[in-house]
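**Student:** Using the sequences provided together with the hints, build the complete structure.
Here the protein sequences come in this chain order: A and B. Residues 1 to 246 (full-length UniProt numbering) are what the first sequence spells out, left to right. Residues 1 to 246 (full-length UniProt numbering) are what the second sequence spells out, left to right.
Note that these hints are calculated values from the structure, not bench results. As the structure is a prediction and not an experimental result, all values here were calculated from the model. For each residue, glycine too, the CB sits at the ideal point set by N, CA and C. Any given hint could be a false lead.
Derived DEER-like restraints, expressed as beta-carbon distance ranges [unchecked claim]:
hint, chain 1, residue 1, chain 2, residue 2, range
1, B, Ser228, A, Ala145, 30 to 36 Å
2, A, Leu9, B, Gly78, 17 to 23 Å
3, B, Leu66, A, Gln71, 36 to 42 Å
4, A, Ser84, B, Gln39, 16 to 22 Å
5, B, Gln71, A, Gln14, 28 to 34 Å
Number of protein chains: 2
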Amino acid sequence: MPTVDKLLLEEALQDSPQTRSLLSVFEEDAGTLTEYTNQLLQAMQRVYGAQNEMCLATQQLSKQLLAYEKQHFALGKGDEEVISTLHYFSKVVDELNVLHSELAKQLADTMILPIIQFREKDLTEVSTLKDLFGLASTEHDVSMAKYSRLPKRKENEKHKAEVAKEVANARRKQHLSSLQYYCALNALQYRKRVAMMEPMLGYTRGQINFFKKGAEMFSKRLDSFLTSVSDMVQRHGEDLTTGSSL
Amino acid sequence: MPTVDKLLLEEALQDSPQTRSLLSVFEEDAGTLTEYTNQLLQAMQRVYGAQNEMCLATQQLSKQLLAYEKQHFALGKGDEEVISTLHYFSKVVDELNVLHSELAKQLADTMILPIIQFREKDLTEVSTLKDLFGLASTEHDVSMAKYSRLPKRKENEKHKAEVAKEVANARRKQHLSSLQYYCALNALQYRKRVAMMEPMLGYTRGQINFFKKGAEMFSKRLDSFLTSVSDMVQRHGEDLTTGSSL
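**Tutor:** What follows is the structure, given as structure tokens:
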């Protein structure tokens, strides 16, 4: 593993085999990083997708609880108690849904967005600059070949000067694109640490916030409601066992 | 809406049009309840499915964070910090995964199971007994018709006695099946209140437990870790803006 941490811009003009070899190491690293980033993004999108599905599922559940009232049961005696209890549960589910939606939004903004931006901006930039650098290198090679094929006769001085100018232009262009490419590869090495950690920071903070708000919301407030529903369920269960109501 | 709350078993033998009409009200109610229960079960299964998917998604994310180390990056300089940070995040995700799995199990046991049992036991029993009652009623009608078609001549006394016995048997059978059917319909009216509330009690308790454990787990313990990661991310971000490291 090479111990260098950046491509030196001053080496770009000379474009030596050593520099090219070091460049290929940086390119390989960028390739591995692109692949890993795509896999990480996929895993994060799965978490985000599950969170979103939870929002939709709790929405549907809350609606379904309210729908009990609208069923027009042929026998409605004693239903007021069921209806009001399900209404209360529906409110609980709604409050949970608010927390779930907030978490989903937070995951989108602080987990998914940063890693997508890293992919779309940093990784795509490196790949675009690689293409441009490749084109400029080919162009330079072509003009060099053209120059070396020129006949050595004197009457061609004018044409020779033109080709030499072409070579110089191609070299300038290649140099410029290599500078940009090196810069982007160096920046990627630096950016990758943040790019890997930032989304997980967002994820963890989102979860902490979710738990904190959830614990506050559900602390003691529901105790008496749940105890009374639980008593009701228990009472009915016992009646059924002893058959006292049938 | 009738104000009765049960079918009287003593009316079953006489099987009057009034009793039949009341029975049809109970049957309509059971039909509405079956439909509503299926929709509620569907909504609850969606919540459970989302919770399960969250378990799988967090598992995959944790694995993917650990996989960074095994990527064999061509340039590994400075990666120790990224690797150890991602390891730590992976542990956090694992702990969250434990909570998610526990919640999923709790939802399965205390929300999905009771409502499935209500459907498979109570609702299916009513529907089976309805079929048996229908069969017994048809049988009774057939034997009654047979008896009424008997010629009134004296030499048929023996055959007549046989058919009369058949009618009596059919009536006993119908009476018995109506008693069972009435009982099941009465029990359903009673059970439905518990059946609607019990799963939501399980759901809400599962959530409360989840938030409580989550809030405990993430309270202060992560603060210093997150602050140091956050500082790192911030520092890198500033360096990038000023270009001091490139």
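**Student:** If a hint holds in the structure, say so; if it does not, say that too.
**Tutor:** A quick look at each hint next to the structure:
1. A hinted range of 30 to 36 Å is violated for the C-beta pair Ser228(B) and Ala145(A), which are about 56 Å apart.
2. Roughly 20 Å separates the CB atoms of Leu9(A) and Gly78(B), a value that falls within the hinted 17 to 23 Å.
3. Hint check: Leu66(B) to Gln71(A), Cβ distance near 50 Å, so the stated range 36 to 42 Å is violated.
4. For Ser84(A) and Gln39(B), the hinted distance range of 16 to 22 Å is satisfied, since their beta carbons lie about 20 Å from each other.
5. Restraint check, Gln71(B) to Gln14(A): a C-beta distance of roughly 32 Å satisfies the suggested window 28 to 34 Å.
Checked against the numbered hints above, the structure violates hints 1 and 3; every other hint is satisfied.
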